[in-house]
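Asker: Construct the entire structure; sequences and hints are all you get.
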Amino acid sequence: MRVAIVGLGKMGLVHAGILNVLPGVELVALCEKNNLIRRFSKKLFKGLEIVDDVKKLGKLNLDGVYVTTPIPSHFPVATAILENEISRNLFVEKTLAQTCEEAQRLVGLAETHESVTMVGYLRRFYVTFNKARDLLQHNTIGKVKSFNGYAYSSDFLGLEKEASASSRGGVLRDLGCHAIDLALWFFGDLKVTSAGDGSNREDVDSVSFKVEGSEIAGEFDVSWRKEEYRMPEVGLTMAGSGGKLFVNDDQVKLELVDGGSFNWYRHDLNDNVPFWLGLPEYYREDLHFVKSMASKSRDEPNFYSAAKVDRIISDVVGGEV
Amino acid sequence: MWLVEKFSENGKALLVGDNPFHNVSHLSQERTRLREKDTILPEHAADLIHLSVENGANGFMFSVSEKTLSILRILRERGEIDGLRLYSIVPYAYEYVKLATQVGGIPGLVKRVGTRIVTSGNLRGMATGITGFLNMNPTALMKTYLTYEIGRIRSCAGKKGNIECVLLHEVITDLALALGMDWLFKSYVDYMQKAKIGPGFNTVNFAYLVRKFKDWRIDLSHVVIAAPFNKIGFQMAPSREECEQALESLDKPILVAISVLAAGYLKPAEALRYVETLSNVKGFAVGISKESHAKETFRLAKTF
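If you read the protein sequences in the order shown, they are chains A and B.
Quick note, the first sequence lines up with residues 1 to 321 if you use the numbering used here.
Quick note, the second sequence lines up with residues 322 to 625 if you use the numbering used here.
Derived from the structure by calculation, the hints contain no laboratory data.
These numbers come from a predicted model, not from an experiment.
Even for Gly, the Cβ is constructed at its ideal location relative to N, Cα and C.
Hints should not be assumed to be uniformly reliable.
Stated by the list, open to error - Pairs of lysine-lysine, DSBU-like flavour, derived with a Cα cap of 30 Å: (1) B:Lys515 x A:Lys43; (2) B:Lys533 x A:Lys291; (3) B:Lys515 x A:Lys42; (4) A:Lys42 x B:Lys533; (5) B:Lys588 x A:Lys131; (6) A:Lys10 x B:Lys419; (7) A:Lys33 x B:Lys419; (8) A:Lys46 x A:Lys10; (9) B:Lys507 x A:Lys43; (10) B:Lys480 x B:Lys333; (11) B:Lys535 x B:Lys507.
What the hints assert, rightly or not - Partner residues aside, some chain A positions facing chain B, computed with beta carbon under 10 Å: (12) Trp185; (13) Tyr265; (14) Asp271.
Answerer: Next up, the structure:
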């Protein structure tokens with residue numbers, strides 16, 4: 001299976017590494033706009049095609065392309081790849097696009113080209129979130145009536161407004177999207193009902209908003225200026241008729257109404273992978289996409305499910321609630 | 322029964338790890354937040370290292386950060402650095418990843434680090450770096466960076482500081498492993514040997530690294546590998562069994578076991594009993610955050 005990567009930032013390098021060790025995968029090309037990185041990459045990655053324009057990937061007979069560029073460029077890059085038939089199958093780092101409209105257009109394009117798609121909602125590959133979802137599906141805490149989600153980091157704590165903050169798509173797209181995607185994965189469709197003051201701006205550092213589903217109500221709090229969060233962290237607390245469930249990147253806590261309580265760490269949940277680069281989830285994520293391409297299956301998180309995250313973000317920052 | 326004292330007598334490295342000093346817990350961030358109010362200041366960290374040494378430790382394993390450099394400076398000023406075996410890990414990945422996020426990715430990061438190297442006044446490093454940059458030579462740039470980091474350690478640890486080993490952080494080691502960059506490992510070993518410092522590699526993929534180094538004909542007997550080894554197989558990719566087999570296949574003790582307590586999931590007694598069963602262990606590192614830990618961990622084997 002021949003793959004290429006567009007965008008050689010941190011995520012591009014991580015995916016390049018994992019794809020290079022995945023059985024049956026051949027990393028054949030890298031595309032990077034920055035001249036300095038491209039020149040350096042030619043020395044580092046001998047034997048790989050290094051180009052400056054996605055259209056130059058067209059002759060390489062690719063099975064899949066990873067788009068790991070900054071969020072604002074996801075739409076033009078992904079559109080160019082699909083419209084120019086550079087590859088039918090596409091992985092795009094989260095979020096799918098910068099706006100809900102762009103995301104919808106990509107969903108349509110992927111349908112037209114019968115693409116296998118994936119969006120990098122990494123938390124779906126954490127053992128903790130999988131354990132929590134499994135508990136929910138087994139009705140462990142009964143009917144879930146409400147939840148609280150958070151996504152916190154200290155990435156921009158103590159800094160003046162940096163240009164890079166907006167180039168990352170804003171705090172909701174950069175960080176909050178993970179909590180939103182998990183809630184959609186756990187509970188199905190959600191609709192924004194209200195957003196806190198200032199949420200309808202792209203450049204805010206903290207956002208709070210409320211959502212509701214068919215029989216559930218939830219709240220989100222997102223910030224990248226939280227002092228106590230050395231690393232980015234996402235979590236959900238869910239209240240059900242039979243108990244309470246808490247899950248985050250590191251652990252799952254279950255408290256049942258009848259008095260039973262349980263706690264699982266990653267250590268308890270078989271977290272190992274064949275090759276560990278950065279986090280074990282990256283391996284599981286890339287393996288999932290490669291298998292989806294091989295079987296032509298359209299498993300989530302795909303463009304369709306990811307566009308729902310973009311819709312919620314657009315509703316919050318669009319202030320139309 | 323394996324004894325820490327015996328281990329030490331055999332020249333093994335019994336290292337105090339620095340994760341608690343950076344307020345890092347690989348068990349959960351929640352635990353980190355709970356102890357946030359008790360952040361360990363450099364003076365207290367130096368106290369803990371000294372207490373650990375009094376109880377059997379003989380070295381310090383640390384990522385090169387402003388905080389650990391301050392700790393080295395304090396140990397030197399107190400005259401407690403003599404004979405202490407220093408195992409440093411570069412780069413301090415957390416700092417660089419965060420910096421990249423803040424300055425807009427890799428180009429911004431390169432600019433910031435380049436500025437730091439230039440303003441450090443390390444002339445040798447600067448000369449190699451300029452040449453490396455102009456020629457886009459990765460090996461020269463790596464050497465520039467290493468010269469800069471080793472210079473930082475030496476300036477804080479002083480002449481009596483025994484930099485026994487400098488290890489490449491797992492982020493670099495494992496990425497280079499994945500991308501098949503044998504030249505990077507060979508250049509690194511060569512550079513460190515010329516600098517008369519032990520070349521080391523921190524990895525989560527111990528079995529893969531051993532296999533690849535054998536394929537690439539890199540002499541494993543001349544390097545140090547710091548990798549997670551613990552009773553529950555935590556962070557032992559692909560599995561505890563395969564890591565143990567790879568360890569047994571070695572000709573010489575080169576492993577510094579880390580994550581021995583599986584990030585606090587295991588009690589020191591059961592954790593060390595497991596390490597005792599392993600062959601080819603050069604030493605281990607355990608993070609110490611309290612006086613009681615310093616005493617218990619390194620004296621523990623005496624009670625076996």
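Asker: Assess, step by step, whether the Cα of Lys10 of chain A is no farther than 30 Å from the Cα of Lys419 of chain B, and give holds or violated.
Answerer: holds (11 Å)
Asker: Are the Cα positions of Lys507 of chain B and Lys43 of chain A separated by 30 Å at most?
Answerer: holds (16 Å)
Asker: Would you settle whether the hint for Tyr265 of chain A is holds or violated, based on the nearest Cβ-Cβ distance to chain B being less than 10 Å?
Answerer: At about 6 Å, which falls below the 10 Å cut-off, the nearest Cβ of chain B leaves the hint on Tyr265 of chain A intact, so it holds.
Asker: Holds or violated: Lys515 of chain B with Lys43 of chain A, Cα cutoff 30 Å?
Answerer: With Cα atoms ~24 Å apart, Lys515 of chain B and Lys43 of chain A stay inside 30 Å; holds.
Asker: Decide if the proposed pair is consistent with the structure: Lys535 of chain B and Lys507 of chain B, CA atoms, cutoff 30 Å inclusive.
Answerer: At roughly 12 Å apart (the allowed maximum being 30 Å), Lys507 of chain B and Lys535 of chain B satisfy the hint.
Asker: Check the hint pairing Lys46 of chain A with Lys10 of chain A against an upper bound of 30 Å on the C-alpha distance.
Answerer: Roughly 19 Å between the alpha carbons, so the hint for Lys46 of chain A and Lys10 of chain A holds.
Asker: Straight-line Cα separation of Lys515 of chain B and Lys42 of chain A no greater than 30 Å?
Answerer: holds (28 Å)
Asker: Regarding the pair Lys533 of chain B and Lys291 of chain A, is the alpha-carbon distance no greater than 30 Å?
Answerer: holds (26 Å)
Asker: Do the alpha carbons of Lys588 of chain B and Lys131 of chain A lie within 30 Å of each other, as the hint requires?
Answerer: holds (25 Å)
Asker: For the pair supplied as a hint, Lys33 of chain A and Lys419 of chain B, is the alpha-carbon distance within the 30 Å limit?
Answerer: holds (23 Å)
Asker: So if I understand the rule, the pair passes when the alpha-carbon distance is 30 Å or less; does Lys480 of chain B with Lys333 of chain B pass?
Answerer: holds (23 Å)
Asker: So if I understand the rule, the pair passes when the alpha-carbon distance is 30 Å or less; does Lys42 of chain A with Lys533 of chain B pass?
Answerer: OK: Lys42 of chain A and Lys533 of chain B at ~23 Å, within 30 Å.
Checked against the numbered hints listed earlier, the structure breaks hint 12 alone; every other hint is satisfied.
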